[in-house]
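Chains as they are written, first to last, in the working numbering: chain A, 1 to 76; chain B, 1 to 270.
Treat the hints as calculated values from the structure; they're not laboratory data. For each residue, glycine too, the CB sits at the ideal point set by N, CA and C. Some hints could be false.
Calculated from the model, a selection of chain A residues having no Cβ within reach of chain B, i.e. all distances over 10 Å [unchecked claim]: (1) Gly6; (2) Ile22; (3) Asn56.
No more than 30 Å apart at the CA atoms, straight line, and that leaves these computed lysine-lysine pairs for DSS-like [to be verified]: (4) A:Lys5 to B:Lys231; (5) B:Lys231 to B:Lys263; (6) A:Lys39 to B:Lys12; (7) B:Lys199 to A:Lys72; (8) B:Lys172 to A:Lys3; (9) A:Lys72 to B:Lys12; (10) B:Lys231 to A:Lys72; (11) B:Lys202 to A:Lys34; (12) B:Lys7 to A:Lys39; (13) A:Lys39 to B:Lys202; (14) B:Lys7 to A:Lys34; (15) A:Lys72 to B:Lys239; (16) B:Lys199 to A:Lys34; (17) B:Lys199 to A:Lys3; (18) B:Lys239 to A:Lys3.
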Amino acid sequence: MAKIKGDIVINVERCKGCEVCIAACPFSTIAMTKEVNGKGYHYAVKVNDDCTGCMNCAIVCPDGVITVYRAKVAAE
Amino acid sequence: MEEQFAKLDIRKDENIVYKRTNLLVDRPLSYCPGCGHGTVHRMLMETLEEMGIQGNTIGVSPVGCSVLAYDFLDIDMLGAAHGRAPALATAIKRMWPDHFVFTYQGDGDLAAIGTAETIHACNRGENFTMIFINNGIYGMTGGQMAPTTLPNMRSSTSPYGRDVAIMGHPLKMTELIAQLPGTYYVTRQAVHTPSHVRKTKKALRKAFENQKNNTGISFVEVVSNCNSGWKMTPVQSNKWMEENMFPFFPLGDIKVDGKLVEKKEAVAKE
Chain A
1 MAKIKGDIVI NVERCKGCEV CIAACPFSTI AMTKEVNGKG YHYAVKVNDD CTGCMNCAIV
61 CPDGVITVYR AKVAAE
Chain B
1 MEEQFAKLDI RKDENIVYKR TNLLVDRPLS YCPGCGHGTV HRMLMETLEE MGIQGNTIGV
61 SPVGCSVLAY DFLDIDMLGA AHGRAPALAT AIKRMWPDHF VFTYQGDGDL AAIGTAETIH
121 ACNRGENFTM IFINNGIYGM TGGQMAPTTL PNMRSSTSPY GRDVAIMGHP LKMTELIAQL
181 PGTYYVTRQA VHTPSHVRKT KKALRKAFEN QKNNTGISFV EVVSNCNSGW KMTPVQSNKW
241 MEENMFPFFP LGDIKVDGKL VEKKEAVAKE
């Protein structure tokens with residue numbers, strides 16, 4: 001059975017660290033870093049492999065920094 | 001650390017399901033972290049992109065936080081004097097009836113200084129779309145009390161909470177203009193969760209589709225947060241908004257296709 005897997009790419013220089021995406025993610029895939037970006041904001045990163053590409057984070061992101069990828073992969 | 005969980009086999013152009021629309025200019029938005037303006041800008045531009053009318057649309061930006069909207073939206077924009085966006089949009093729409101025209105205003109602009117323009121444009125039944133961002137506060141100038149500030153809500157000019165005995169009651173602009181015969185579609189939405197954002201996008205789509213049929217004003221209110229003005233984090237402010245703003249400003253359609261929507265709750269209680 002094919003399984004749907006997703007991936008997100010976060011434009012860290014545009015991220016303002018509002019954490020709205022973290023509240024929206026159903027799989028706790030996103031967390032904040034301790035490092036800061038060029039503007040001095042803590043930014044969001046992907047911290048596990050559970051992403052299904054549901055786009056929730058990208059849709060609520062006020063600055064639109066998240067790009068979502070989704071593909072079917074064959075389960076082993 | 002960022003690349004630790006990257007799935008390079010999935011990260012290909014043909015697998016992209018969502019990315020920031022190209023109709024937003026590629027520069028950082030000037031809004032505070034977590035502000036709903038950015039989300040509404042993006043949904044607005046996605047709507048125009050899906051309808052394919054970006055070359056045929058003229059927007060009017062207000063005075064307020066979104067005064068710089070013309071810097072971010074890659075369409076024709078005009079800046080109106082404070083509160084006068086509906087008057088300007090009226091002129092544009094009458095000059096170019098085949099263009100899509102919208103105003104994008106905050107609560108200080110639309111519900112305070114621009115009340116007369118708003119009500120008369122709605123009463124005349126002009127054929128454009130009004131987008132009203134309601135966060136219950138004057139965000140740009142430092143969180144002063146607005147006409148839409150809730151009772152007992154703190155702001156920099158009502159530090160002990162809004163006392164309705166001396167400061168008056170909050171103004172429900174959307175319910176007010178829904179009573180006017182010139183409005184065709186009146187709705188209230190929010191952008192704090194993914195499902196609400198999707199509903200807002202549908203409402204915006206409907207509001208722009210209505211312009212094709214010369215129906216009258218389509219009015220979309222978006223209840224938004226102002227985490228800086230409310231002195232909260234973005235996630236806290238979204239929660240506060242759900243608990244306090246939504247009971248006073250209930251979400252949903254108020255007028256669809258020129259007919260007032262009957263409240264379903266009243267029927268359910270009986």
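Hint by hint, here is what the structure shows:
no. : hint                 : in the structure
1   : Gly6                 : violated (7 Å)
2   : Ile22                : violated (8 Å)
3   : Asn56                : violated (4 Å)
4   : A:Lys5 to B:Lys231   : violated (38 Å)
5   : B:Lys231 to B:Lys263 : violated (34 Å)
6   : A:Lys39 to B:Lys12   : holds (29 Å)
7   : B:Lys199 to A:Lys72  : holds (27 Å)
8   : B:Lys172 to A:Lys3   : violated (48 Å)
9   : A:Lys72 to B:Lys12   : holds (13 Å)
10  : B:Lys231 to A:Lys72  : violated (43 Å)
11  : B:Lys202 to A:Lys34  : violated (37 Å)
12  : B:Lys7 to A:Lys39    : holds (27 Å)
13  : A:Lys39 to B:Lys202  : violated (34 Å)
14  : B:Lys7 to A:Lys34    : holds (23 Å)
15  : A:Lys72 to B:Lys239  : violated (35 Å)
16  : B:Lys199 to A:Lys34  : violated (34 Å)
17  : B:Lys199 to A:Lys3   : holds (28 Å)
18  : B:Lys239 to A:Lys3   : violated (34 Å)
Hints 1, 2, 3, 4, 5, 8, 10, 11, 13, 15, 16 and 18 from the earlier list are contradicted by this structure; the remaining hints agree with it.
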